[in-house]
Amino acid sequence: KINNAAMKFLLLLSLFAASSAFSPTAFAPRTKAVSSSPKTSTALKGEYGASSTSFYTTTEKQDSYDDLDSILEGHCADKQLQTLIREMLDACADITEALRTALVTVEGSSNTFGDAQLSVDVIADNIMWDACKNSKVIKDGASEEDPIVRTLHPDNEYTVCWDPLDGSSIVDNNWAVGTIIGVWGKDTGFLGATGRDQKTSMVALYGPRTTVVVALDDGVYEFTYGCTPEGCQLDDGTWAPWICSRKDIKISEDCKIFAPANMRAAQELPGYKALLDHYMQDRYTLRYSGGLVPDVYQQFTKNQGVFSNPTSDSSPAKLRLAFEAAPFGLLVEKAGGKTSDGVSGGSVLDVQINAVDQRTPLCIGSSKEVDRFNDLVCMIN
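Here the working numbering is used: position 256 in the sequence shown is 1559, and no number is missing along the way.
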């Protein structure tokens, strides 16, 4: 039994602990211990959050935002390409609305690769096909769900390849997913061409907001759907469907964010294991969801990052060159980043596309980190 004196002591102790927990100093930043080791640069390290490794936006609110039409007029000289970009963004807007109302269920069918199709996969793919069928400029279309090049309008200009809803394995969690689009001209098509031959590419991210990054003549621009910021209302009281939320996006050569895919390959690739050890030992920030679109797209919003997906004998390549790697590669390299084909260490944009379903390893992002991947995994030096 506890006597009265002991009870009083325990009560006072609990009251002291409670008052301390809510004291002004309880949530004050911890004082860093003095170390005799050399100082490391913190320029790329977040200064917020418990671990000081989180990265928060520094984007400030603008008085006004340019709409899609004004950006295209100033940064995309080809009128036909302007038309195509508008058509594809309209399709992304339709997919946005569909995702808000559709349940994620198994459709009862599978795509050409044997993957079970979800209701949202089919809906997004149908929206893309409808956009291509009604297009004024698209000649051929090919979907990752059924990788056959289909001619829709023989006299038109562009061949469009798309992954209608990348991230099927995480969409049931209500995590961010996306649409990936690559565009080639009729002078090359895409079979026998390379990713560098693309006229443009774009990637839509469906999260709390829908944003799309687009490769234009002079750089990468981001457009946001359905926003109503102050100063952007049109004369008739409505709002432009797409506003430009980021201009001329750049990816820095250094980074502290990593997104490591196919980590199983580290069991067979000593270089990949060494790379993962480097990320952890040097306190890089892990930002990986398992969805290619959010895991690479963050490089455009954080202006840094690296995504790696090497292959091994028991973990073969899964990423499709034409539908995923090439479109993202054009955007990242146009923003100042770098890509690796995961084998030779050369750019993924220089790999010839010889089959609709061609797969590839990939490393993509901040240039110095792609160089590190090439050194350790591809062993080019």
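By construction, these hints were calculated from the structure, which means they are not laboratory data. A portion of the hints provided could be inaccurate.
To be verified - Cross-link-like lysine-lysine pairs, in silico, DSSO-like; alpha carbons within 30 Å at most:
hint, residue 1, residue 2
1, LYS1576, LYS1382
2, LYS1553, LYS1502
3, LYS1576, LYS1553
4, LYS1502, LYS1576
5, LYS1364, LYS1439
6, LYS1576, LYS1436
7, LYS1671, LYS1436
8, LYS1502, LYS1621
9, LYS1576, LYS1489
10, LYS1436, LYS1364
11, LYS1382, LYS1550
Status of each hint after checking the structure:
1. LYS1576 <-> LYS1382: Violated, at about 48 Å.
2. LYS1553 <-> LYS1502: At roughly 20 Å apart (the allowed maximum being 30 Å), LYS1502 and LYS1553 satisfy the hint.
3. LYS1576 <-> LYS1553: holds, 29 Å
4. LYS1502 <-> LYS1576: Violated. LYS1502 to LYS1576 sits at ~37 Å, over the 30 Å cutoff.
5. LYS1364 <-> LYS1439: violated, 36 Å
6. LYS1576 <-> LYS1436: violated, 47 Å
7. LYS1671 <-> LYS1436: It is violated: about 42 Å lies between the C-alpha atoms, which goes past 30 Å.
8. LYS1502 <-> LYS1621: holds, 25 Å
9. LYS1576 <-> LYS1489: violated, 43 Å
10. LYS1436 <-> LYS1364: Between LYS1436 and LYS1364 the Cα gap is close to 39 Å, so the pair fails against 30 Å, i.e. violated.
11. LYS1382 <-> LYS1550: Answer holds: LYS1382 to LYS1550 is near 20 Å, not above 30 Å.
Checked against the numbered hints above, the structure breaks hints 1, 4, 5, 6, 7, 9, 10 and satisfies the rest.
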